[in-house]
Structure formats: structure tokens, C-alpha cells
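**Q** Chain residues, written in single-letter form:
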Amino acid sequence: DTAVSQTPKYLVTQMGNDKSIKCEQNLGHDTMYWYKQDSKKFLKIMFSYNNKELIINETVPNRFSPKSPDKAHLNLHINSLELGDSAVYFCASSQDRGYGYTFGSGTRLTVV
Amino acid sequence: GDSVTQMEGPVTLSEEAFLTINCTYTATGYPSLFWYVQYPGEGLQLLLKATKADDKGSNKGFEATYRKETTSFHLEKGSVQVSDSAVYFCALSVPGNQFYFGTGTSLTVIP
Chain H
1 DTAVSQTPKY LVTQMGNDKS IKCEQNLGHD TMYWYKQDSK KFLKIMFSYN NKELIINETV
61 PNRFSPKSPD KAHLNLHINS LELGDSAVYF CASSQDRGYG YTFGSGTRLT VV
Chain L
1001 GDSVTQMEGP VTLSEEAFLT INCTYTATGY PSLFWYVQYP GEGLQLLLKA TKADDKGSNK
1061 GFEATYRKET TSFHLEKGSV QVSDSAVYFC ALSVPGNQFY FGTGTSLTVI P
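Sequence lines, in order, name chains H and L.
Heads up, the first sequence is in my numbering, so the first residue is 1 and it goes up one at a time.
Heads up, the second sequence is in my numbering, so the first residue is 1001 and it goes up one at a time.
Warning: the hint list may mix true and false statements.
What the hints assert, rightly or not - Far from chain L by the CB rule (all over 10 Å, computed), these chain H residues:
# : residue
1 : E82
2 : S94
3 : T102
To be verified - A few chain L residues facing chain H, derived, Cβ under 7 Å:
# : residue
4 : V1037
5 : P1040
6 : E1042
As the list claims (entries may be wrong) - Derived pair list, reagent style EDC-like, types lysine to aspartate or glutamate, alpha-carbon separation capped at 20 Å:
#  : chain 1 : residue 1 : chain 2 : residue 2
7  : L       : K1077     : L       : D1055
8  : H       : K44       : L       : E1063
9  : L       : K1068     : L       : D1055
10 : L       : K1052     : H       : E58
11 : H       : K40       : L       : D1055
12 : H       : K44       : L       : D1084
13 : L       : K1052     : L       : E1063
14 : L       : K1049     : H       : D85
15 : H       : K41       : L       : E1069
16 : H       : K22       : L       : E1042
17 : H       : K41       : L       : E1042
18 : H       : K67       : H       : D85
19 : H       : K44       : L       : E1008
20 : H       : K41       : L       : E1008
21 : H       : K41       : H       : D30
22 : H       : K36       : H       : D18
23 : H       : K36       : L       : D1055
24 : L       : K1060     : L       : D1002
25 : H       : K40       : L       : E1042
It should be emphasised that the hints constitute simulated quantities derived from the structure, not laboratory data.
Cβ atoms here follow ideal geometry from the backbone N, Cα and C, with glycine treated the same way.
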């Protein structure tokens, strides 16, 4: 009964590959997010979805694309992976934008 | 614009020492304020929150008071334990707008 679950937990891949990270929440929240955390623990918001509509895109390269098949899922697709994409990616959800978040446990992406 | 500034780390304390991690904010509306904790290898967990001025959030021995006059939400704990070693994030939100995180403060507690 995990509230926000994301898979895989670890992902190691070569440069140039395309990969996806999946996220699901069972809290009935209206909004879901993707954050990138760098090696210095800095959190950068990438996307947020409210009722399946993209409402934030914070200057993320278009190699990154969120896909939300329904309110409970927000997947992250990354094309042509680069070394600089190595980071921990967190999915989160909230009842509405600006309310407290519930985070997933993170996906550590390593591009080699 | 809305933002959060928290003290830079890392912070290293001995067990049972007093902890303060400073956090100040800038907001145009009436924000809610949060502290999140990230233990090694895990995601962020909500530690405590306060939704209006003079509210005090508390959890697991940690406390923070929403001070509108000083635009601050400092995190305190009277006696830290080794198990408190983690990264702590201050955050604010204004309903309808984006959630803003601070840069995180790493805390290491040594026995």
C-alpha cells in the first residue's frame, strides 16, 4: 500500500539510449510532479500534471517528455540520454498545486 | 518572486546537541511552510508544517514556528540523535502556485 511508487529504483544505461521511469500514486491526488535531484541534493522541478494536463515545464530539454495515461500515473520518458542526465529522479503528488507533497522513493539514473 | 533560503551545510553535531537550521522565505501571498527530511537513499518525507503565522509545527522532537515578522521558519531540536542524520529541506507553497524548496542542509550526528 505504498502511496507513491516509482520504478525502477536503479537504472544504468548507455549514452544515446531511450528509457522510461514509471510513477503511480494511490492517494487520489489531482497533481503529480517529476523532480530531478543532482549530486548536491538540489531539487529542480521538471514537470507537473494536473488532471492529465501539463501545467509546468521548467526549461527542461525536450528529450524529456512526461506521459500521463490517467490521473494516478505520470511516467517520464527520456530520449538520447546524456551523461548529464545522471541524477536521482523523484515523482511526487499533491491534492492540488501548492499543498504538501508525497514523494516516491526515487530512481537513481546513471548514464555511462 | 516566491523563494526559500536555508542555511548551507553540512552541519555536524555530537549526539544530544541542540540543532537549529535556519530558513527564511519570500512570498507575495500567504504561504504554508514545510520541513521535509531525506534519509540516505530515500525519498523526501514531510517532517512538519505550519499553515499560518504563529503556528508551530512539531514532529519527532523537531519544532518550527512560522514567524511572519521575520519571514522565518527555523527548524530546531533540543537533543539530536545519530538517527537524525539526513538532509533537511525547507519549503513553501501558496495554493494555486508552485511549491518552492530550499537547497537542503545536510546534518550528520556523531556518537
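**Q** For every hint, state whether the structure bears it out.
**A** Each hint, compared with the structure:
1. E82: At roughly 24 Å from the nearest Cβ of chain L, H/E82 sits farther out than 10 Å, so the non-interface label holds.
2. S94: 7 Å, violated
3. T102: Non-interface label fails for H/T102: nearest chain L Cβ at 8 Å, not farther than 10 Å.
4. V1037: This hint is violated: L/V1037 lies away from chain H, its Cβ roughly 11 Å from the closest one there, beyond 7 Å.
5. P1040: 11 Å, violated
6. E1042: 6 Å, holds
7. L/K1077 with L/D1055: Judged against 20 Å, a Cα distance of about 17 Å means the pair holds.
8. H/K44 with L/E1063: 26 Å, violated
9. L/K1068 with L/D1055: Given that 20 Å is the threshold and the Cα spacing comes to 10 Å, the pair holds.
10. L/K1052 with H/E58: 28 Å, violated
11. H/K40 with L/D1055: Violated, because 31 Å separates the two Cα atoms, which is more than 20 Å.
12. H/K44 with L/D1084: Not satisfied, since the Cα-Cα distance of roughly 24 Å exceeds 20 Å.
13. L/K1052 with L/E1063: It holds: about 15 Å lies between the C-alpha atoms, which stays within 20 Å.
14. L/K1049 with H/D85: 32 Å, violated
15. H/K41 with L/E1069: Violated. H/K41 to L/E1069 sits at ~30 Å, over the 20 Å cutoff.
16. H/K22 with L/E1042: Holds, because 17 Å separates the two Cα atoms, which is no more than 20 Å.
17. H/K41 with L/E1042: Given pair H/K41, L/E1042 holds - Cα atoms ~12 Å apart, limit 20 Å.
18. H/K67 with H/D85: Answer holds: H/K67 to H/D85 is near 18 Å, not above 20 Å.
19. H/K44 with L/E1008: Given that 20 Å is the threshold and the Cα spacing comes to 17 Å, the pair holds.
20. H/K41 with L/E1008: 12 Å, holds
21. H/K41 with H/D30: 27 Å, violated
22. H/K36 with H/D18: 17 Å, holds
23. H/K36 with L/D1055: It is violated: about 31 Å lies between the C-alpha atoms, which goes past 20 Å.
24. L/K1060 with L/D1002: 28 Å, violated
25. H/K40 with L/E1042: Given pair H/K40, L/E1042 holds - Cα atoms ~15 Å apart, limit 20 Å.
Consistency with the previously given hints fails for numbers 2, 3, 4, 5, 8, 10, 11, 12, 14, 15, 21, 23 and 24, ordered from lowest to highest.
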